[in-house]
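S.K.: Each chain, letter by letter, is given below.
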Amino acid sequence: MSEKTTDDYILRVEDIHKTYGDKEVLKGVSFNVRKGDTIVFIGPSGTGKSTLLRCINQLTVPDSGRVWLHDEEVTNSGRKINRFRQKIGMVFQNFYLFDHLTAIKNVEIALLKVKGMSPEAAREKALCELRQVGMEEYADHYPAELSGGQAQRVSIARALAMEPDVILFDEPTSALDPELTREVLEVMKKLALEGMTMLVVTHEMGFARSVATEIVFMESGVIQETGTPAEVFGEGGGFERIRSFMGQIGDLSGD
Amino acid sequence: MEIDLFSVITEWLPYLLGGVVVTVGLVASALIIGACLGLPMAIGQVYGSRPVKYVIGLYVWFFRGLPVLVLLFMFYFTIFPLLDPNIDAFVVGAVVLGLRGAAYQSQIFRGAIQSISEGQMTAARSLGMSRVMAIRTIIIPQAVRIALPGWSNEYPNILTDSAICYAIGVAELLTRTSQIVAQTYITMPIYLLCALMFILLNLAGMRVIAYLEKRVAIPGFSGGSHTGIV
Chain A
137 MSEKTTDDYI LRVEDIHKTY GDKEVLKGVS FNVRKGDTIV FIGPSGTGKS TLLRCINQLT
197 VPDSGRVWLH DEEVTNSGRK INRFRQKIGM VFQNFYLFDH LTAIKNVEIA LLKVKGMSPE
257 AAREKALCEL RQVGMEEYAD HYPAELSGGQ AQRVSIARAL AMEPDVILFD EPTSALDPEL
317 TREVLEVMKK LALEGMTMLV VTHEMGFARS VATEIVFMES GVIQETGTPA EVFGEGGGFE
377 RIRSFMGQIG DLSGD
Chain B
88 MEIDLFSVIT EWLPYLLGGV VVTVGLVASA LIIGACLGLP MAIGQVYGSR PVKYVIGLYV
148 WFFRGLPVLV LLFMFYFTIF PLLDPNIDAF VVGAVVLGLR GAAYQSQIFR GAIQSISEGQ
208 MTAARSLGMS RVMAIRTIII PQAVRIALPG WSNEYPNILT DSAICYAIGV AELLTRTSQI
268 VAQTYITMPI YLLCALMFIL LNLAGMRVIA YLEKRVAIPG FSGGSHTGIV
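So the sequences go chain by chain: A and B. Everything in the first sequence is counted per our numbering, starting at 137 for the first residue and increasing by one. Everything in the second sequence is counted per our numbering, starting at 88 for the first residue and increasing by one.
It is worth saying that the hints were derived from the structure and are not from the lab. By construction, the Cβ of each residue, glycine as well, lies at the ideal position given by its N, Cα and C atoms. Do not rely on the hints blindly, as some may be mistaken.
Some, not all, of what chain A presents toward chain B, calculated at C-beta under 10 Å [unchecked claim]:
| no. | residue |
| --- | --- |
| 1 | Ile217 |
| 2 | Arg219 |
| 3 | Arg221 |
| 4 | Met226 |
| 5 | Phe228 |
| 6 | Asn230 |
| 7 | Phe231 |
| 8 | Leu233 |
| 9 | Asp235 |
| 10 | His236 |
| 11 | Ala246 |
| 12 | Lys249 |
| 13 | Tyr278 |
| 14 | Glu281 |
| 15 | Arg294 |
Could you build the full structure based on these sequences and the hints that come with them?
M.R.: Okay, structure coming up:
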């Protein structure tokens with residue numbers, strides 16, 4: 137991502153710092169995202185990956201640093217932040233579906249309340265997005281009636297419905313069993329292939345390898361190494377830290 | 088002298104039933120006032136600024152800290168006469184029970200709001216909702232459902248408390264019962280009749296609440312099972 141000109145970056149993150157109490161979680165993180173990129177963030181737990189994602193849509197306000205979506209600054213945008221968040225979707229580890237609403241209403245509600253769409257248009261759009269993630273037939277189920285994988289697919293549909301420029305995935309499969317993980321990863325893979333711009337924090341190395349345009353390894357609040365899957369998983373030198381990290385989680389998961 | 092209990096009762100029953108109507112009016116007004124003030128107070132206590140929280144805390148402390156009778160006399164003899172010397176005792180009774188109920192209801196709703204996971208607000212904000220919109224469309228509909236079982240205590244509380252309005256002369260069930268006793272010199276049967284009316288009102292109200300709970304129930308979220316005599 138270094139050789140091209142800056143004007144085809146849709147998202148720019150500059151020198152983000154965040155401290156909780158006396159623990160500095162992010163120590164100056166910068167990177168750029170081009171349209172259609174799938175950037176996968178890996179690294180040990182507690183190294184600020186999730187905090188970084190939340191700093192992008194300002195769910196967590198960074199102490200310093202800036203975020204730009206196209207040519208507009210997302211940080212320090214005051215009330216305009218609600219407009220930016222429509223353009224920056226987010227998918228959470230624990231789904232966070234609205235518990236009192238059916239699957240389709242979960243997808244509809246922001247279309248109605250935030251985008252001001254008509255009930256018919258919102259319903260049609262919501263159904264279309266549920267179809268995208270293979271959840272159309274569960275449209276009238278409540279979150280408590282869905283498996284984790286199904287709930288996560290609905291939450292992806294909810295993010296997609298807003299037609300965001302980029303979607304942030306914060307450990308989307310960490311709360312799921314392996315077989316449920318697969319159905320969610322398949323949906324994400326499809327999105328990536330269709331050209332959705334995605335930032336993904338995950339421990340799923342298979343996903344990183346097959347889908348990422350770029351793998352970012354974070355440790356201790358900074359980006360330690362960055363490379364394409366071919367570089368990281370290939371024969372060449374470098375990337376010792378990523379490889380030793382992948383060795384560790386490989387040992388843990390037994391493959 | 089032989090007293091024909093049956094004819095006495097049939098003679099006075101319409102008057103007593105009039106008392107039932109007044110009691111229902113008193114309780115309904117108090118519950119509505121309590122909910123209309125209690126829910127916003129709960130929201131203020133959870134999401135408000137420090138001064139807002141402080142003022143609401145003070146309100147709750149005041150209205151929960153004083154006996155109903157003291158509140159009633161205070162409002163009937165000192166506060167309301169300043170506004171209108173000919174104030175109707177019914178209005179004072181309804182307002183005092185309502186203001187006091189608001190203090191209790193606010194805490195029921197506050198507990199419900201605080202039991203909702205932080206993620207609900209986070210997800211709403213991530214979709215571009217403002218805080219106010221998220222509270223209105225996501226938090227309140229959930230909080231009200233969660234609050235219902237606890238809230239159902241409010242009805243029998245207010246119903247039984249309403250009899251204390253006897254003390255300021257509201258023509259409710261107990262007041263009329265006492266008047267009938269004074270007229271007829273029949274005590275036990277008349278008081279039993281009064282008690283029966285209260286019990287029937289209680290059962291009817293609890294039924295309505297149980298129905299409401301079922302009506303707004305959401306699979307796996309609220310209204311799973313309802314236990315009790317009604």
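S.K.: Per the CB criterion, is A:His236 less than 10 Å away from chain B?
M.R.: holds, 5 Å
S.K.: Per the CB criterion, is A:Arg221 less than 10 Å away from chain B?
M.R.: holds, 4 Å
S.K.: Holds or violated: the hint that A:Tyr278 contacts chain B, with Cβ atoms closer than 10 Å.
M.R.: holds, 5 Å
S.K.: Given A:Phe228 as an interface hint, is its Cβ closer than 10 Å to any Cβ of chain B?
M.R.: Hint on A:Phe228: holds, closest Cβ of chain B at ~7 Å, below 10 Å.
S.K.: Classify the hint on A:Arg294 as holds or violated, based on whether any CB of chain B lies nearer than 10 Å to its CB.
M.R.: With a minimum Cβ separation of about 7 Å from chain B (threshold 10 Å), the hint on A:Arg294 holds.
S.K.: Would the stated hint for A:Met226 survive a check requiring a Cβ distance to chain B of less than 10 Å?
M.R.: Nearest chain B Cβ about 4 Å off; hint holds.
S.K.: Return the status of the interface hint for A:Ala246: holds when the least beta-carbon distance to chain B is below 10 Å, violated otherwise.
M.R.: Holds - the Cβ of A:Ala246 comes within 10 Å of chain B, reaching about 4 Å at its closest.
S.K.: Should the hint that A:Phe231 touches chain B count as held when the rule is a Cβ pair under 10 Å?
M.R.: With Cβ-Cβ at 8 Å, under 10 Å, it holds.
S.K.: Using 10 Å as the Cβ threshold, decide whether A:Asn230 counts as touching chain B.
M.R.: holds, 6 Å
S.K.: Min Cβ distance, A:Ile217 to chain B: is it shorter than 10 Å?
M.R.: Hint on A:Ile217: holds, closest Cβ of chain B at ~8 Å, below 10 Å.
S.K.: With a cut-off of 10 Å on the beta carbons, see whether A:Leu233 makes it to chain B.
M.R.: holds, 8 Å
S.K.: Restraint: A:Asp235 near chain B, CB-CB cut 10 Å. Satisfied or not?
M.R.: holds, 5 Å
Hint compliance for this structure: every hint is met.
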